[in-house]
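S.K.: Given next are the chains, with one letter for each unit.
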Amino acid sequence: MASIEAKTGPMTHSRLPQRGLSRHARLALVWLALAAVPFVVPNAYWISLANLALINLVLIASLNLLMGYGGQISLAHAGFFGLGAYASGILNVRYGVPPWAGLPAAAVVAGLGALLIGIPALRLRGHYLAMATLGWNAILVVFFTQLVGFTGGPNGLLGVEPFSIFGHALDTEAKAFPLAWAVAFFVMLAISNLLASRIGRSIRAVATNELGAQSLGIDSFRTKLAVFVLSAGMAGIAGSLYVHINQYASPETFGIAPSIMLLVMVAIGGAGTFYGPMLGALIYTAVPQILLDYEDAELMLFGLGLLVVLILFPRGLAGIPAALTGLVRRRRA
Amino acid sequence: MNTPRRTDDLLEVENLTCRFAGVTAVDDLSFRVKAGEIKAVIGPNGAGKSTLFNMIAGVTRPTDGTIKFDGARIDRLPTHARARRGIARTFQNLQIFREMSVLENVMVGRHLRGRTTTLSGLLHLPSVGAEERAMEAAAMALLERFGLAAKAHAPAGSLAFGQMKVLELARALASEPRLLLLDEPAAGLPHAEADKMAETIRDLNRDGMTVLLVEHNMRMVMSLSHDILVLNNGRRIAEGTAEDVRRHPEVLSAYLGEEAADA
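Heads up: the protein sequence lines correspond to chains V and C, in order.
For the first sequence, my numbering gives the first residue as 6, with consecutive numbering after it.
For the second sequence, my numbering gives the first residue as 28, with consecutive numbering after it.
Worth flagging that the hints you see were computed from the coordinates, not collected in a lab.
From the three backbone atoms N, C-alpha and C, an ideal C-beta is built for every residue, glycine too.
Hints should not be assumed to be uniformly reliable.
[Stated by the list, open to error] Now the stretches of chain V that chain C is said to cover, found in silico as 3 or more residues with beta-carbon under 8 Å:
(1) 198 to 209
(2) 221 to 235
[What the hints assert, rightly or not] To spell it out: a stretch of chain C is covered by chain V in this simulated footprint if at least three of its residues, at any positions, have a beta carbon under 8 Å from a beta carbon of chain V; those stretches are:
(3) 109 to 123
(4) 130 to 139
(5) 149 to 159
[Unchecked claim] In silico SDA-like cross-links for lysine to any residue, where the CA-CA straight-line distance does not exceed 25 Å:
(6) Lys178/C / Ala328/V
(7) Lys178/C / Ser27/V
(8) Lys95/C / Leu216/V
(9) Lys178/C / Leu329/V
(10) Lys178/C / Val333/V
(11) Lys178/C / Arg28/V
(12) Lys178/C / Arg334/V
Make the full structure from the sequences, and use the hints.
M.R.: So, in structure tokens, the structure goes:
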């Protein structure tokens, strides 16, 4: 029963519930543990997989920000990844711009790519963004393939330089790892920070109840556009990392199929959970390696896995602990 | 301007009309809400109350006429811009952020009082932490005032219906509005809770809040309102104190007669 007596109730100024560590400390601990990866894996091939997993993490975490927290679906995330990769790569190969300058440029170019499609698509209510981005990704792939003079076309962009620190090139997998590790950390930190502010709350509010959010002074169009552009900018950063670590890029990496797979990985990891994308990135990186022998069946097995996870655990893998404790509680009751 | 503006008029509705495909929901309606008063809009079903409410809140666009808040036109502004000017509202069919905690709901209500931008949020500048603590304290104080502090960390969707109505009121107040629009605040509440809701509205008004409410509960309207506007078929048929309205012959036939027949 609702009691609405004025000025009663205990004076408890309790903080938001935090289980033990602060969010910054928890993230720092996880990243310290990840720093050990190059020292415990058997060879450089494994380190290359770790680098790829960190790049995938940036992609999946940024898509999770848009989809899991912002409630919007983008089918062009791989396209924005590609915009970042080609922006940074082309600036480097054709104009001699160093990778360090290419990294922010990649974020800006991918963000602008999102702004261009987001302004018309987000004006409309409903899931127009999903449809518009699907078309946008298809168009981007045409650009990547056809602008041979810039992108190298279907043969790919060759001769991309690696990142370098004080003239020392990060040209091996082991040397590139700290960079991918640090960039992924800063992206995760930024997402965590944003979610813990009034902007993060407004993003979630718009996703949950747009009418309610507007009545409280939140501009839902601008909120959705900002989170979409931000998410694409982060995909652009992943693109820059990818192109300078691989020293190569080709159009098929950035097509609609990988865009769909990234979406699937957000759901499998647990949409709207902060650490879910780490599980998504792990699976996205590891499963193709395991399924190398069944190349044609890869997509089918992925689909099957998705169905099993989402039927058993609708909140994704990161939702398993909560689902289990819920189950135990129900048994006891 | 039909009539000179009095400085204590917070909301001025002039010749407001709303037509939907041949149906005139609100027809050339003019009225004022004075700063510091509780004004109620009543009328039988289909009288145009909800349409009027939605036009003031910015959900429905008027066909004709003007709405002024604090002397400035607001009738072309989107909902969020009206909230920014100081108009807060509740909803008849609750628009709660169900998956967020009770405390977070009220903190979203405080959005307009914050300054954090996307960039300063991403970087977690020192001002952001301070703002979060201030917002949380202010939201918690509101929850304590409305007896929801014990539920602060529960998901808002888990509250009972009556508690959700109280939460929505607390959320609307969190922005420190100058005009509070209440869409059927007593609808769906049992007698005792409706009385408490009335008491809460009276307390808020005593602290200076201007209130415009649409309500079906006649007992509540009559006991609470300084001024009552009675609508029928989108037009004003009476306006005045509870005493004036109660005796008005057109009101008796159009509204109270019908209500008596229902009872």
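S.K.: Each hint should be assessed against the structure and marked as holding or not.
M.R.: Comparing the hints with the structure gives:
{"no.": "1", "hint": "198 to 209", "in the structure": "holds (count 10)"}
{"no.": "2", "hint": "221 to 235", "in the structure": "holds (count 7)"}
{"no.": "3", "hint": "109 to 123", "in the structure": "holds (count 7)"}
{"no.": "4", "hint": "130 to 139", "in the structure": "holds (count 8)"}
{"no.": "5", "hint": "149 to 159", "in the structure": "holds (count 6)"}
{"no.": "6", "hint": "Lys178/C / Ala328/V", "in the structure": "22 Å, holds"}
{"no.": "7", "hint": "Lys178/C / Ser27/V", "in the structure": "22 Å, holds"}
{"no.": "8", "hint": "Lys95/C / Leu216/V", "in the structure": "22 Å, holds"}
{"no.": "9", "hint": "Lys178/C / Leu329/V", "in the structure": "24 Å, holds"}
{"no.": "10", "hint": "Lys178/C / Val333/V", "in the structure": "23 Å, holds"}
{"no.": "11", "hint": "Lys178/C / Arg28/V", "in the structure": "23 Å, holds"}
{"no.": "12", "hint": "Lys178/C / Arg334/V", "in the structure": "20 Å, holds"}
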